[in-house]
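Chemist: Spelled out from the first residue to the last, the chains are:
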Amino acid sequence: MKRITIDPITRLEGHGKIEIFLNDQGEVLNAYLQIPELRGFERFCEGRPVEELPRIVPRICGV
Amino acid sequence: MPDKLKLALYWAATCGGCEVAVLDTNEKILDLAAAADIFLWPVAMDFKYQDAEDWPDAFIDVCLFNGAIRNSEGEHMAHLLRRKSKVLVAFGSCASFGGIPGLANVANAAQVFDRAYQATPSTDNASQVRPQTSVQVPEGELTLPSFYDTVRTLDQVEDVDYFMPGCPPVPERIWEVVGAILGGQLPPKGATIGVTHTTVCEECSRRKEEKMVNGFVRPHLVEPDPERCLLEQGLVCLGPATRGGCGARCLKAWMPCRGCYGPTDRVTDQGAKMLCAIASILNAEDEASAKKSVGDIADPLGTFYRFTLPASLLQRAAIPHFQH
Amino acid sequence: MSGNGFEPKIVGFLCNWCSYQGADMAGTARMHYAPNVHIIRVNCSGRVDPSFILKAFREGADGVIVAGCHPGDCHYTSGNFKTMRRMPLLEHLLTDFGIEPGRFRLEWVSAAEGAKWAKLVNDVTETVRRLGPLNWKERVREPAHELVTQ
Numbered sequence: 001m002k003r004i005t006i007d008p009i010t011r012l013e014g015h016g017k018i019e020i021f022l023n024d025q026g027e028v029l030n031a032y033l034q035i036p037e038l039r040g041f042e043r044f045c046e047g048r049p050v051e052e053l054p055r056i057v058p059r060i061c062g063v
Numbered sequence: 001m002p003d004k005l006k007l008a009l010y011w012a013a014t015c016g017g018c019e020v021a022v023l024d025t026n027e028k029i030l031d032l033a034a035a036a037d038i039f040l041w042p043v044a045m046d047f048k049y050q051d052a053e054d055w056p057d058a059f060i061d062v063c064l065f066n067g068a069i070r071n072s073e074g075e076h077m078a079h080l081l082r083r084k085s086k087v088l089v090a091f092g093s094c095a096s097f098g099g100i101p102g103l104a105n106v107a108n109a110a111q112v113f114d115r116a117y118q119a120t121p122s123t124d125n126a127s128q129v130r131p132q133t134s135v136q137v138p139e140g141e142l143t144l145p146s147f148y149d150t151v152r153t154l155d156q157v158e159d160v161d162y163f164m165p166g167c168p169p170v171p172e173r174i175w176e177v178v179g180a181i182l183g184g185q186l187p188p189k190g191a192t193i194g195v196t197h198t199t200v201c202e203e204c205s206r207r208k209e210e211k212m213v214n215g216f217v218r219p220h221l222v223e224p225d226p227e228r229c230l231l232e233q234g235l236v237c238l239g240p241a242t243r244g245g246c247g248a249r250c251l252k253a254w255m256p257c258r259g260c261y262g263p264t265d266r267v268t269d270q271g272a273k274m275l276c277a278i279a280s281i282l283n284a285e286d287e288a289s290a291k292k293s294v295g296d297i298a299d300p301l302g303t304f305y306r307f308t309l310p311a312s313l314l315q316r317a318a319i320p321h322f323q324h
Numbered sequence: 001m002s003g004n005g006f007e008p009k010i011v012g013f014l015c016n017w018c019s020y021q022g023a024d025m026a027g028t029a030r031m032h033y034a035p036n037v038h039i040i041r042v043n044c045s046g047r048v049d050p051s052f053i054l055k056a057f058r059e060g061a062d063g064v065i066v067a068g069c070h071p072g073d074c075h076y077t078s079g080n081f082k083t084m085r086r087m088p089l090l091e092h093l094l095t096d097f098g099i100e101p102g103r104f105r106l107e108w109v110s111a112a113e114g115a116k117w118a119k120l121v122n123d124v125t126e127t128v129r130r131l132g133p134l135n136w137k138e139r140v141r142e143p144a145h146e147l148v149t150q
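Residue numbers (the working numbering), protein chains in the order written: chain A, 1 to 63; chain B, 1 to 324; chain C, 1 to 150.
Think of the hints as simulated: they come from the structure by calculation, not from any bench.
Treat each hint with caution, since some may be false.
Said to hold, decoys possible - Computed list of lysine-lysine pairs in PhoX-like fashion (alpha-carbon distance at most 25 angstroms, straight line): (1) B:Lys252 - B:Lys86; (2) C:Lys9 - C:Lys119; (3) B:Lys291 - B:Lys189; (4) B:Lys48 - B:Lys6; (5) C:Lys9 - C:Lys116; (6) B:Lys291 - B:Lys211; (7) C:Lys137 - C:Lys55; (8) B:Lys28 - A:Lys2; (9) C:Lys116 - B:Lys291; (10) B:Lys48 - A:Lys17; (11) B:Lys4 - B:Lys28; (12) C:Lys55 - B:Lys291.
For reference, chain A alone in the conformation it holds in the complex:
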């Protein structure tokens, strides 16, 4: 079995990793996409005044 790792995926916003497993004939057995990032906006926006959210959440994605 052969394994191809694409790390990082590129030309988009965000972190990603792709693992592709091939059998001996070179056919794709399986492929996995992993997102090795998390910042936790869902958690740290709690407790912030509501009028501040439009200044915080655009930093989820600057693109």
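With chain A held as given, fit chains B and C onto it using these hints.
Modeler: For chains B and C alone, kept in the frame of chain A given last:
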């Protein structure tokens, strides 16, 4: 013909805004491409981590590293790029101070995971799955970086040559800094670049009268005078505690400053400095009115340390067992 | 949570003209009180930047006291008004950071109030003893880098 400069741009816990700010130099990006070759830039080019691992040491002339250090992958890349680069720049507020992702230092890894992967209303995770650093699948092992309890700045994990704050750094300043790099005119190591040496107040063209307020208000409760200092009208603005360089552009858009350029040269803890500034302008003659006025400020930690919590003296909220 | 034999380490910022003299008076009058405060004399309580208090907690203090002249009696006229305006906001901030109320205390102590100083130190020492060590560096320490498992 002199060798072209070798550049790398990398992002750790990031939003991509710093990359966009580089692109917002518009046609100047072509001047950059003429003078430099870029060897790593995940948002725009296909180089992989393995390519970076394969470079000789000190291969890269300047690495612009944005994003906070949130997990072991970010830390690994910080160490790798330090080794492979002659000059390492903490680019943007996240790398310099922790930035918005630094607000996660109000919680720990377990709490962030519980919210993101379990408790959000749109999530259905009956089997309570959480990301693991290592998982066996039929074909082999899959790995993920380990997620730290505490967000760190770049210089808390690695030796940094220059800091360029901003969320994002404004394109005009980016271009000045690129010019300095191309012209070999960088200041001594450790300097903060692309900034002024005073505060946002100096760049703000709003009219300043007497700085004395009876209390603070949330913005929906007041219709501010468009030409007067917002702080003087009772709206919390971090201008007095924030380094200049941005041109006070939030103020021009009627938004009070939230401190993304971080503290000035002479201050370690931006939040404490802002607390002092607020107290200085409060017209309270006794303890009762002082206590009442500060009750107006809804979220001191999240407001005064909006961009700089990991860089602050306390760095983070205590990891609970203590809940309040 | 207080361990056996825990002796709170308390840092006290005392203004030169009132509070430090008051503490001195407690000493010359041979008042007995808890020995847990490490005193830092400042020329005015208004000199105490909030970052000093944050740094004290970070560097191992279990409690911090700031003591100044009564409002209206400041040797520099209005220095303690600044203190008075800063500290309520700092108390709120400390709670947000997870530093329990009771670890930080602001009091006005005049040069004649040796007994008040002694009682203040005893009160804060007992409150902090009940709360236990703050041990800030432990509270923010990263455990071994593992993802949280189910």
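Chemist: All hints, please: hold or fail.
Modeler: Hint by hint, here is what the structure shows:
1. B:Lys252 - B:Lys86: With a Cα-Cα distance of about 38 angstroms, the restraint between Lys252 (chain B) and Lys86 (chain B) is violated, given a limit of 25 angstroms.
2. C:Lys9 - C:Lys119: 17 angstroms, holds
3. B:Lys291 - B:Lys189: 44 angstroms, violated
4. B:Lys48 - B:Lys6: 16 angstroms, holds
5. C:Lys9 - C:Lys116: Roughly 20 angstroms separates the two Cα atoms, so the pair holds.
6. B:Lys291 - B:Lys211: Judged against 25 angstroms, a Cα distance of about 19 angstroms means the pair holds.
7. C:Lys137 - C:Lys55: 11 angstroms, holds
8. B:Lys28 - A:Lys2: Measuring from Cα to Cα gives roughly 44 angstroms; hence the hint is violated.
9. C:Lys116 - B:Lys291: Roughly 23 angstroms between the alpha carbons, so the hint for Lys116 (chain C) and Lys291 (chain B) holds.
10. B:Lys48 - A:Lys17: Holds, because 10 angstroms separates the two Cα atoms, which is no more than 25 angstroms.
11. B:Lys4 - B:Lys28: 16 angstroms, holds
12. C:Lys55 - B:Lys291: 23 angstroms, holds
The structure is inconsistent with the numbered hints 1, 3 and 8, although it conforms to all the rest.
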